[in-house]
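Trainee: Generate coordinates for the entire structure from the input sequences, incorporating the hints supplied.
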Amino acid sequence: MKNYCLSVLVSLLFSGCFLCQVNQAAAGIFPYEFQQKVFDNGFKVILIPMDSPGIVAYYSIVRTGSRDEYEPGHSGFAHFFEHMMFRGTKNYPGHVYDRLITEIGANANAYTSNDITCYHLKFASEDLEKVMELESDRFQNLFYSEQAFKTEAGAVHGEYLKSLSSPWMVLNEKLYDTAFDVHTYKHTTIGFREDIEAMPTMYEYSKSFFNRYYRPENVILLIVGDINPAASFELAQKYYGDWQPGYVPPKIPAEPEQKRERKAEVTFSGKTLPILSINYKAMVFDPTDIEMAACYLLGDIVFGETSEIYKKLVIDEQRVRFIGANFSASRDPGLFSIYTMVNTEDDIENIKNEIYRAIEFYQDNLVDEKRLNDLKSNLKYSFLMRLNTAEAVAGRLARLIAMTGNIESVDQLYQSYDKVTTEDIITAANKYLVKQKRTVIVLKGEI
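Each residue of the sequence shown is one higher than the one before, starting from 0 at the first, in numbering that gives the first Met the number 0.
Hint data in this document are derived by calculation from the structure and do not stem from the laboratory. Check the hints yourself; a few may be wrong.
[Stated by the list, open to error] Simulated crosslink set (DSSO-like; lysine-lysine; CA at most 27 angstroms straight-line): (1) K280 with K418; (2) K310 with K443; (3) K262 with K443; (4) K129 with K89; (5) K311 with K434; (6) K310 with K369; (7) K258 with K430; (8) K310 with K258.
[Stated by the list, open to error] With beta-carbon atoms standing in for the labels, derived distance ranges: (9) K262 with Q362: 18 to 26 angstroms; (10) Q243 with E196: 39 to 47 angstroms; (11) E145 with R192: 32 to 40 angstroms.
Cβ coordinates follow ideal geometry from the N, Cα and C atoms, glycine included.
Mentor: Have a look at this one:
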């Protein structure tokens, strides 16, 4: 397959209010031309016109997630605003916003994670201006009464209690609280339970959170699909150009280096097979970092569906339901996680040792070069095959843009994958997958 890529900067166009950058697809991974502008207030707009007849995906990317909740006793507010933003404004109260979105046949939703809060819509291209009017209004003029705040805080508490019906939520809550000492990754996205329970008393604080983080310098608008770039930029200037800057960066404490293995067990109040989660401290997401790219590839090499341990434990011996690894790409050093669901509780220690032996093998032996190259090719192919709709393109790009602030990180990341050698893989395994950086969590069911 021919490689497609974002090229280097083709032109810089200046006007009185913004810097404009146009990129052409050329010889790398990303197949679409994009244009972007940064307005005087720091608001960035990225446009990707593509063959998507009559359909537009509209993503408002707030570069704030649970990571930014650094003040003790106030976790959970990034996720809380995912709810509150649908309460509307004085111009368009929540019920009016909902009615207008329904009338134009749009789909509107949102999600929050550790590094991003993202609001996204899919709608007919003819409704772009109406959507931009509605979205710009709620980002600049969100309004809610104290009673509405308390009602939504209660809904969040209910969501938290409901989440405890998932063993994975219970596991992750224990994992992050154990793995981190001071960094805000210590709490999950929804927040510490005690903070959620106290949230209804924090009306004034909630307004402070919104005023600090929902500012133009901290939000990137990504529009993909059947659009006219020139007209879209004009609309963005009209509706977002007067948004007042004022972003206040969070004072996130740095996590100390982990120097010893950590272990914990947690009980799930329900029926589940045991879950084993083995985690290692990782690095900051940097798409230009070859070492980071090597860690990502390492997870697939050691624990992917073509790995020896997968064939042995999942297919041949059927001792686990599944096994896999995930490098948690994040703005601050996160976790490299290995997870499996064990069929027999008595086999947990044996499975754990199988995992350690698989890691040790790649700490001592070079991966087959053909297998490494096949994995790189598969990553590219899988990425490209998922870029078939406007919504898919925007969805795939949103997290990368949130972590780096730019769309160029797509090409940078895949260029880094291309540069990873077999020696880089063995170096990464010996540097990061070591006992003193390890946190092991075992979850067992009560029933």
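Trainee: Run every hint past the structure and note whether it holds.
Mentor: Hint check:
1. K280 with K418: Status holds; Cα separation ~23 angstroms.
2. K310 with K443: 25 angstroms, holds
3. K262 with K443: 14 angstroms, holds
4. K129 with K89: With Cα atoms ~17 angstroms apart, K129 and K89 stay inside 27 angstroms; holds.
5. K311 with K434: Holds: K311 and K434 sit about 24 angstroms apart, inside 27 angstroms.
6. K310 with K369: 19 angstroms, holds
7. K258 with K430: 13 angstroms, holds
8. K310 with K258: Violated - the C-alpha atoms of K258 and K310 are around 33 angstroms apart, more than 27 angstroms.
9. K262 with Q362: 18 to 26 angstroms: Once the Cβ atoms are compared, 21 angstroms apart, the range 18 to 26 angstroms for Q362 and K262 holds.
10. Q243 with E196: 39 to 47 angstroms: 34 angstroms, violated
11. E145 with R192: 32 to 40 angstroms: Violated - the Cβ-Cβ distance for E145 and R192, about 23 angstroms, lies outside 32 to 40 angstroms.
In this structure, the hints that do not hold are numbers 8, 10, 11, in rising order.
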